[in-house]
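Q: Since chain L is already given, all that's left is putting chain U on it; use the hints.
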Amino acid sequence: AQKVTQAQTEISVVEKEDVTLDCVYETRDTTYYLFWYKQPPSGELVFLIRRNSFDEQNEISGRYSWNFQKSTSSFNFTITASQVVDSAVYFCAHGGSARQLTFGSGTQLTVLP
Amino acid sequence: DAGVIQSPRHEVTEMGQEVTLRCKPISGHNSLFWYRQTMMRGLELLIYFNNNVPIDDSGMPEDRFSAKMPNASFSTLKIQPSEPRDSAVYFCASTQTSGGQETQYFGPGTRLLVL
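From first to last, the protein sequence lines are chains L and U.
Residues in the first sequence are numbered from 1 upward in steps of one, following the working numbering.
Residues in the second sequence are numbered from 1 upward in steps of one, following the working numbering.
Same shape as in the complex, but just chain L:
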């Protein structure tokens, strides 16, 4: 069975600091996808990124970057120069042979002004 672990329950940083959110997964699938979603205080779930298990290239999108390491079963998310608007709960998720996503428990990020 799939399992996604986000060990950091809450993180608090001051604006402009860099912050990394950790995600570790367990899977028996040979082909799978990993996702990050953002849930701001308004409650909706916003898709951020999807990565294929065959593609270990790091990805950067503006202030966001993702580091996928198959050897350690990790898919970490870094926000550079954090802003107050980044405050949200961030979920890592796994999708594989079963269509449904398995979510981690989420990391509550608070960015203080």
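These are computed hints drawn from the structure, not numbers from a lab.
Among the hints, a few may not be true.
[What the hints assert, rightly or not] Some chain U residues judged to face chain L by a derived CB distance under 8 Å, without partners named:
no., residue
1, Ser31
2, Gly42
3, Phe91
4, Thr103
5, Tyr105
6, Gly109
[Unchecked claim] Which residues of chain L face chain U? A few of them, derived with a C-beta cut under 10 Å, are:
no., residue
7, Tyr33
8, Gln39
9, Ser42
10, Leu45
11, Val46
12, Gly95
Note that beta-carbon positions come from the ideal geometry of N, C-alpha and C, so glycine has one too.
A: Relative to the frame of chain L, chain U by itself:
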């Protein structure tokens, strides 16, 4: 383009009442998922449909829960009778499946409170 639409956004009801949550997936998507989010259990899948057919309902808590997808543009999740422990945020998500694990796009959720 319109995203996933859910209604109502908020629902307050009394124990024992019937509750119906509605979802309109993104046009062209052929898979639809119902998730429930609670503090205790996080985000968990209840049921998903592919081409309007229920594929996996193993996450449906019990017989009080039922879901239908009469056509490609509409799905309902019904709870009858409702209980206080059903209080949660219910999300609907949709995707276009074509062999891989495609991105699921979520609706805004329905916040249900059963008194």
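Q: For every hint, state whether the structure bears it out.
A: Each hint, compared with the structure:
1. A cut of 8 Å between beta carbons decides the hint on Ser31 (chain U): the least distance to chain L is about 7 Å, and the hint holds.
2. A least Cβ separation of about 5 Å between Gly42 (chain U) and chain L falls short of the 8 Å threshold, and the interface hint therefore holds.
3. Taking 8 Å as the C-beta contact cut-off toward chain L, the hint placing Phe91 (chain U) at the interface holds, the least distance being around 6 Å.
4. Among the interface hints, the one on Thr103 (chain U) holds; its C-beta lies about 5 Å from the nearest C-beta in chain L, closer than the 8 Å criterion.
5. Checking Tyr105 (chain U) against chain L by beta carbon gives a least distance of about 6 Å; that is within 8 Å, so the hint holds.
6. For Gly109 (chain U), the interface hint holds, the least distance from its beta-carbon to any beta-carbon of chain L being 6 Å, beneath 8 Å.
7. Hint status for Tyr33 (chain L): holds, given a least beta-carbon distance of 4 Å to chain U, under 10 Å.
8. The beta carbon of Gln39 (chain L) comes within 9 Å of a beta carbon in chain U, closer than 10 Å, and the hint placing it at the interface holds.
9. Taking 10 Å as the C-beta cut-off, the interface hint given for Ser42 (chain L) holds, the closest approach to chain U being about 8 Å.
10. Using the Cβ-Cβ criterion of 10 Å, the hint placing Leu45 (chain L) at the interface with chain U is satisfied: the shortest such distance is roughly 4 Å.
11. This hint holds: Val46 (chain L) has a C-beta 8 Å from the nearest C-beta of chain U, less than the 10 Å allowed.
12. At a threshold of 10 Å, the smallest CB-CB gap from Gly95 (chain L) to chain U is about 4 Å, leaving the interface hint in force.
Comparing the model with each earlier hint shows no violations; every hint is respected.
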